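**Student:** If you're matching them up, the sequences are chains D and A in order. 3 is the number of the first residue of the first sequence in this note's numbering; add one for each residue after it. 3 is the number of the first residue of the second sequence in this note's numbering; add one for each residue after it.
A couple of the hints might just be wrong.
Partial chain A-side listing against chain D, Cβ under 10 Å, derived [what the hints assert, rightly or not]:
1. A25
2. D43
3. V55
4. W66
5. G81
6. R120
7. A126
8. L174
The calculated label-pair distances, taken between Cβ atoms and stated as ranges, are [what the hints assert, rightly or not]:
9. S197(A) to H220(D): 46 to 56 Å
10. A126(D) to T157(A): 45 to 55 Å
11. G128(D) to G275(A): 22 to 32 Å
12. A126(D) to R288(A): 44 to 54 Å
13. A182(D) to A243(A): 49 to 59 Å
14. T221(D) to H220(A): 35 to 45 Å
15. G128(D) to R239(A): 42 to 52 Å
16. H220(D) to R276(A): 35 to 45 Å
Because the hints were derived from the structure by calculation, they are not lab data. This one's a predicted model, so the numbers in the text were calculated from it and none came from an experiment. Built from N, CA and C at the ideal position, the CB exists for glycine as well.
Protein chains: 2
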Amino acid sequence: MHLDPEGDPAGMDGSSGTEPSWAVVDGTLVPLEEARLPLGDRGFFFAESVYEVALGGRGALFAWDRHRTRLVRSLRGIGLDTGPALAGVERALQLLQPRMGQRPMLLYVQVTGGSGPRDHLPPAPGLAPRVYATLRPFPTAALVEARGQGIRAITVADNRWPLATFKTTQLLGSVLAKRAARAAGADDALFVDASGHLLEATSANLFVVREGRALTPHTGRNLLPGVTRAILLERARDLIAEADLRERDLRDAQEVFMASTTRPVVGVTRIDGRPVADGQPGPLTRELALRFDSWLEAEIGLRVV
Amino acid sequence: MHLDPEGDPAGMDGSSGTEPSWAVVDGTLVPLEEARLPLGDRGFFFAESVYEVALGGRGALFAWDRHRTRLVRSLRGIGLDTGPALAGVERALQLLQPRMGQRPMLLYVQVTGGSGPRDHLPPAPGLAPRVYATLRPFPTAALVEARGQGIRAITVADNRWPLATFKTTQLLGSVLAKRAARAAGADDALFVDASGHLLEATSANLFVVREGRALTPHTGRNLLPGVTRAILLERARDLIAEADLRERDLRDAQEVFMASTTRPVVGVTRIDGRPVADGQPGPLTRELALRFDSWLEAEIGLRVV
Chain D
3 MHLDPEGDPA GMDGSSGTEP SWAVVDGTLV PLEEARLPLG DRGFFFAESV YEVALGGRGA
63 LFAWDRHRTR LVRSLRGIGL DTGPALAGVE RALQLLQPRM GQRPMLLYVQ VTGGSGPRDH
123 LPPAPGLAPR VYATLRPFPT AALVEARGQG IRAITVADNR WPLATFKTTQ LLGSVLAKRA
183 ARAAGADDAL FVDASGHLLE ATSANLFVVR EGRALTPHTG RNLLPGVTRA ILLERARDLI
243 AEADLRERDL RDAQEVFMAS TTRPVVGVTR IDGRPVADGQ PGPLTRELAL RFDSWLEAEI
303 GLRVV
Chain A
3 MHLDPEGDPA GMDGSSGTEP SWAVVDGTLV PLEEARLPLG DRGFFFAESV YEVALGGRGA
63 LFAWDRHRTR LVRSLRGIGL DTGPALAGVE RALQLLQPRM GQRPMLLYVQ VTGGSGPRDH
123 LPPAPGLAPR VYATLRPFPT AALVEARGQG IRAITVADNR WPLATFKTTQ LLGSVLAKRA
183 ARAAGADDAL FVDASGHLLE ATSANLFVVR EGRALTPHTG RNLLPGVTRA ILLERARDLI
243 AEADLRERDL RDAQEVFMAS TTRPVVGVTR IDGRPVADGQ PGPLTRELAL RFDSWLEAEI
303 GLRVV
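Working from the sequences, and respecting the hints, build out all of it.
**Tutor:** If you want it as structure tokens, here you go:
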């Protein structure tokens, strides 16, 4: 099944309708559908931008310190100034956090290299970064469905640039991989590098259960160090470890699951048309999903599923 | 020296000031600085967009058929529908061509996967593509300067995605390479792939003169098939051919030059700090630049330099 962030037509709490969606552009709060950006934005012309997605509720953001730290790392990774960018992000959060109410919301923040005449090389000393943020209802229904059915995945050759370790908007490779998955009757794609090593899904980290332990590819390879991945590694270190994994390790896996902010622990039940083990989300996957949900509830005071 | 597309403060025809710059958004003509796009554009979120840059004057576009053909190829390459995209491009051209007057102008056209809620996977059957176009004065002064002094280049490892053959806005690798060039006191970077093969510059094709002939990397490798490159290969086939070139072929080159729409034949005079031959644009480079300028003048009725 396909995780549609616009899902959740009726909330799991029984309410109908969705929370309004908001955006912050240039430090101003506007309804999401009214948000605009200048045609000269370097994020639009050159994919010169980085982003974060975080989960919020009751005015709080889950693991925001980690997202903020990674945002700084991504900004530095593509050579953008961090100071003005972070000030803009703080301003956006001030405006959006009061809108995080009784239902889980997704915060999206994108920082670009600024706006100016189209030229690969920005002027020196540089343009002011631009900050865009949106706040939308968390796709609860889609997560519930994914948790129940599991994800059908295909394996694909890594078609991204070599700096996928930074969370930039150079995402067309992931888009094409996800389209290829849909064309194959699947939901998502798992990237495999030229040496046959497993990397990650198109927008989630990957975990392979072997001998009762979940192993996830280490970040020395071309993959994004996920916040959800880091929390799992830290808080469930009895059950999860980093490892060098190859595509062939999928074949005799006891379980496979993926994890991201919008998909905090979801089983992968079919890969390239073949079931993983018995084709159902496995016990370790279910256990870690429950644990993660409890951490979310403790920190933002809301159940996400 | 750095090719600033905003250059040309005084026209080479002696006029002062610049032509006004225009944009077309959603089929409507607006001054460039007023052009906006929706925050939900997939070109902004995912770099899901392709583009073309063409040279115009006196209401005519140079080699537009080739640019249009390549645009179709790029659209197909990333799985976007061509019909509505081309209709939008035609509409933009109708609005902009009357603004191509007595001085050379640069047309920029960008087609995106449309606008919608942020989700890697677009809805099926798909969003309507969005077309953006701008018309700005051609950077004549910058070209004249580059032709006179030549380009100082560095070599860098190819840091792009494997589909650089399509003209998409996944350009952050080129931006970073150009920034690295500036940091090294140079103007541009030449991409070298993992096997040591020469590819192209950050936004121009590359030519290496050996034994009196210009050789340019063939398009089987990860590079963009340039329109200027194709025209040179076709009309100067006595002097230019495709070849497999390695980084080491730069060392004993008689001349090196690059070619693109904004840089139609410009000498590369220093590479990684060492002069190419005598460090001046060579005779074949100058000869081909003159030829190209004459073709431009014949087709758009204007001298660009």
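**Student:** Each hint: holds or not?
**Tutor:** Hint by hint, here is what the structure shows:
no. : hint                           : in the structure
1   : A25                            : holds, 6 Å
2   : D43                            : holds, 7 Å
3   : V55                            : holds, 9 Å
4   : W66                            : violated, 19 Å
5   : G81                            : holds, 6 Å
6   : R120                           : holds, 6 Å
7   : A126                           : holds, 7 Å
8   : L174                           : holds, 5 Å
9   : S197(A) to H220(D): 46 to 56 Å : violated, 26 Å
10  : A126(D) to T157(A): 45 to 55 Å : violated, 22 Å
11  : G128(D) to G275(A): 22 to 32 Å : holds, 25 Å
12  : A126(D) to R288(A): 44 to 54 Å : violated, 31 Å
13  : A182(D) to A243(A): 49 to 59 Å : violated, 36 Å
14  : T221(D) to H220(A): 35 to 45 Å : holds, 36 Å
15  : G128(D) to R239(A): 42 to 52 Å : holds, 44 Å
16  : H220(D) to R276(A): 35 to 45 Å : holds, 39 Å
This entry does not satisfy hints 4, 9, 10, 12 and 13, going by the numbered hints stated previously.
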